[in-house]
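Dock chain H against chain R, hints included.
Chains as they are written, first to last, in the working numbering: chain R, 1 to 260; chain H, 1 to 260.
Hints may be right or wrong, so weigh each one.
[Claimed, not checked] The list that follows gives simulated cross-link-like pairs (lysine-lysine, DSS-like), each with its CA atoms no further than 30 Å apart:
| no. | chain 1 | residue 1 | chain 2 | residue 2 |
| --- | --- | --- | --- | --- |
| 1 | R | 207 | R | 20 |
| 2 | H | 152 | R | 20 |
| 3 | R | 55 | R | 30 |
| 4 | H | 257 | R | 246 |
| 5 | H | 64 | R | 246 |
| 6 | H | 20 | R | 20 |
| 7 | H | 207 | R | 152 |
| 8 | H | 8 | R | 64 |
| 9 | H | 8 | H | 30 |
| 10 | R | 8 | H | 30 |
| 11 | H | 64 | R | 257 |
| 12 | H | 8 | R | 30 |
| 13 | R | 30 | H | 64 |
| 14 | H | 8 | R | 55 |
| 15 | H | 30 | R | 55 |
| 16 | R | 30 | H | 152 |
| 17 | H | 64 | H | 8 |
| 18 | H | 30 | R | 20 |
| 19 | R | 20 | H | 8 |
| 20 | H | 257 | R | 152 |
| 21 | R | 30 | H | 257 |
| 22 | R | 64 | H | 257 |
| 23 | R | 257 | H | 246 |
| 24 | R | 8 | H | 207 |
| 25 | H | 257 | H | 207 |
| 26 | R | 207 | H | 30 |
| 27 | H | 30 | H | 55 |
| 28 | R | 152 | H | 152 |
| 29 | R | 207 | H | 207 |
| 30 | H | 207 | R | 246 |
| 31 | R | 8 | H | 20 |
[What the hints assert, rightly or not] If you only want the chain R side, here are some residues facing chain H, beta carbon under 7 Å, derived:
| no. | residue |
| --- | --- |
| 32 | 25 |
| 33 | 88 |
| 34 | 91 |
| 35 | 97 |
| 36 | 100 |
| 37 | 136 |
| 38 | 159 |
| 39 | 160 |
| 40 | 175 |
In case anyone wonders, no lab produced these hints; they're calculated from the structure. For every residue, glycine included, the Cβ atom is placed at its ideal position computed from N, Cα and C.
Protein chains: 2
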Amino acid sequence: MPSHAEGKGSLAIVGLGPGKRDYMTARALKAIAGADYVLGHAMYLEPLAPLLAGKQVISSSMGKEVDRAQQAIDLARAHAVAIVSGGDAGVYGMASIVLEVLEHDGAEIDVEIIPGVTAANAAASRAGSPLSGDFAVISLSDLLTPLEVIEKRLDAVFSVGIPVVLYNPKSRGRPHNFSLAVEHARRHLDSGTPIAIVRNALREDEKTIIITLAEIEEHEPAIDMHTTVIIGGSESRIWRMGDDVKGIITPRGYHRKYVY
Amino acid sequence: MPSHAEGKGSLAIVGLGPGKRDYMTARALKAIAGADYVLGHAMYLEPLAPLLAGKQVISSSMGKEVDRAQQAIDLARAHAVAIVSGGDAGVYGMASIVLEVLEHDGAEIDVEIIPGVTAANAAASRAGSPLSGDFAVISLSDLLTPLEVIEKRLDAVFSVGIPVVLYNPKSRGRPHNFSLAVEHARRHLDSGTPIAIVRNALREDEKTIIITLAEIEEHEPAIDMHTTVIIGGSESRIWRMGDDVKGIITPRGYHRKYVY
Numbered sequence: 001m002p003s004h005a006e007g008k009g010s011l012a013i014v015g016l017g018p019g020k021r022d023y024m025t026a027r028a029l030k031a032i033a034g035a036d037y038v039l040g041h042a043m044y045l046e047p048l049a050p051l052l053a054g055k056q057v058i059s060s061s062m063g064k065e066v067d068r069a070q071q072a073i074d075l076a077r078a079h080a081v082a083i084v085s086g087g088d089a090g091v092y093g094m095a096s097i098v099l100e101v102l103e104h105d106g107a108e109i110d111v112e113i114i115p116g117v118t119a120a121n122a123a124a125s126r127a128g129s130p131l132s133g134d135f136a137v138i139s140l141s142d143l144l145t146p147l148e149v150i151e152k153r154l155d156a157v158f159s160v161g162i163p164v165v166l167y168n169p170k171s172r173g174r175p176h177n178f179s180l181a182v183e184h185a186r187r188h189l190d191s192g193t194p195i196a197i198v199r200n201a202l203r204e205d206e207k208t209i210i211i212t213l214a215e216i217e218e219h220e221p222a223i224d225m226h227t228t229v230i231i232g233g234s235e236s237r238i239w240r241m242g243d244d245v246k247g248i249i250t251p252r253g254y255h256r257k258y259v260y
Numbered sequence: 001m002p003s004h005a006e007g008k009g010s011l012a013i014v015g016l017g018p019g020k021r022d023y024m025t026a027r028a029l030k031a032i033a034g035a036d037y038v039l040g041h042a043m044y045l046e047p048l049a050p051l052l053a054g055k056q057v058i059s060s061s062m063g064k065e066v067d068r069a070q071q072a073i074d075l076a077r078a079h080a081v082a083i084v085s086g087g088d089a090g091v092y093g094m095a096s097i098v099l100e101v102l103e104h105d106g107a108e109i110d111v112e113i114i115p116g117v118t119a120a121n122a123a124a125s126r127a128g129s130p131l132s133g134d135f136a137v138i139s140l141s142d143l144l145t146p147l148e149v150i151e152k153r154l155d156a157v158f159s160v161g162i163p164v165v166l167y168n169p170k171s172r173g174r175p176h177n178f179s180l181a182v183e184h185a186r187r188h189l190d191s192g193t194p195i196a197i198v199r200n201a202l203r204e205d206e207k208t209i210i211i212t213l214a215e216i217e218e219h220e221p222a223i224d225m226h227t228t229v230i231i232g233g234s235e236s237r238i239w240r241m242g243d244d245v246k247g248i249i250t251p252r253g254y255h256r257k258y259v260y
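Next up, chain R with everything else stripped away, as it sits in the complex (with noise of 0.2 Å):
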């Protein structure tokens, strides 16, 4: 009887992409055509129900990560595997606690992560070009991360001028870690400073509002946990073509070299 150890199995760690199928690479589409068995979010498996005709399909809430990364592994000893996440598996996705979980298991499977595009760079896409050099990410969750070292990496990084992208930035859970946000961004950036409110990035229903620091609070309600926020740098500005106002753009510096 071939054992489950022997490592016949195999474990793809999937990046979907913001949402629509368009979005996804075909490395993505590839690893979950050839899976046995589809682990997921029910929210991130739904779109993808024409793929998975035949498969064995295995989908659990939020809030069950460890649980569904030891099931993954399991069935991976003798199958193939595709455990799934919204935009790229590796940024608050399900990579680290697959690898944590498989490192601590032992078993010897092969393991892939495949990339996805990320909110931020979906949410950037609908808003200009705000994170045109360098940004940075940061997630207003305090489920896994203290509150307080959430606040100093703010600090940090809104000190610096760089554009910054909030994920997870507000839930019903936790509807006052967006004004913190705020006030660490007021400490070090302009009122006039653009704020990009993408919802729902490249899917049905997608929003995407441009506003300011300025007027950020008659704005808040529209954020929400499908929301991703692009709070813009020092030199980021209000892109405009004639009286309208299109997005953001972070200019790279070309202003600096160059006449046009």
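Using the frame of chain R, we list chain H on its own:
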């Protein structure tokens, strides 16, 4: 006679991802397939050759970004145009300069920015899960950003212990910026902090080296302009399977909540 200003053209600013077509999105492939003109740096156009039959291809060299942006806009008044960048076009890519020139030019054309897998995520996927949570992206190129600004940013992001992705870590024109970055890292991070040097992520001749901050000098020759360097944060550690070094894990913090 139809005027070029009638806006029948279109302009797609396309992120190609890390290299191989497998890591492009379907949307990016479609934009290129639908283009009459494709513009970009020769290095990025070469892997696309099979897609470019029958199209006008305008390849240019590094350093001509403003001219290339203007040319793309001029053509897009009457044609379907795709201008390509490696990785994500919004991150050290063509998006910002195209939008800046477009704003100045005033051409009324449809513009779409198509996001891609940026080098941070591509490189991270080859090195375990070093960017699992908050992180910063900093370029060491001082061509368009003054070196003292870069140094301040490095100091700020290292000081709060988040992983830092270094783009353009070294080139013949600025061989010393990397050593400066390491100095800033050492001011704040333990000598055991893991570092990934990822060359040609997800391309031919890919190579990944996992070391610690203490060992960086002996590995500096491996760093060049095709390399992305990820310096782990205060919580990052080497990922081992048995005695093998497999990569870097930056734990998300589940260990503070669960036993596994």
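Consistency of the hints with the structure:
| no. | hint | in the structure |
| --- | --- | --- |
| 1 | R:207 <-> R:20 | holds, 15 Å |
| 2 | H:152 <-> R:20 | violated, 39 Å |
| 3 | R:55 <-> R:30 | holds, 14 Å |
| 4 | H:257 <-> R:246 | violated, 43 Å |
| 5 | H:64 <-> R:246 | holds, 26 Å |
| 6 | H:20 <-> R:20 | holds, 21 Å |
| 7 | H:207 <-> R:152 | violated, 35 Å |
| 8 | H:8 <-> R:64 | violated, 50 Å |
| 9 | H:8 <-> H:30 | holds, 18 Å |
| 10 | R:8 <-> H:30 | violated, 36 Å |
| 11 | H:64 <-> R:257 | holds, 12 Å |
| 12 | H:8 <-> R:30 | violated, 36 Å |
| 13 | R:30 <-> H:64 | violated, 37 Å |
| 14 | H:8 <-> R:55 | violated, 45 Å |
| 15 | H:30 <-> R:55 | holds, 28 Å |
| 16 | R:30 <-> H:152 | violated, 43 Å |
| 17 | H:64 <-> H:8 | holds, 26 Å |
| 18 | H:30 <-> R:20 | holds, 14 Å |
| 19 | R:20 <-> H:8 | holds, 27 Å |
| 20 | H:257 <-> R:152 | holds, 22 Å |
| 21 | R:30 <-> H:257 | violated, 34 Å |
| 22 | R:64 <-> H:257 | holds, 12 Å |
| 23 | R:257 <-> H:246 | violated, 43 Å |
| 24 | R:8 <-> H:207 | holds, 26 Å |
| 25 | H:257 <-> H:207 | violated, 35 Å |
| 26 | R:207 <-> H:30 | holds, 23 Å |
| 27 | H:30 <-> H:55 | holds, 14 Å |
| 28 | R:152 <-> H:152 | holds, 16 Å |
| 29 | R:207 <-> H:207 | violated, 40 Å |
| 30 | H:207 <-> R:246 | violated, 40 Å |
| 31 | R:8 <-> H:20 | holds, 27 Å |
| 32 | 25 | holds, 5 Å |
| 33 | 88 | holds, 5 Å |
| 34 | 91 | holds, 6 Å |
| 35 | 97 | holds, 6 Å |
| 36 | 100 | holds, 6 Å |
| 37 | 136 | holds, 4 Å |
| 38 | 159 | holds, 6 Å |
| 39 | 160 | holds, 4 Å |
| 40 | 175 | violated, 20 Å |
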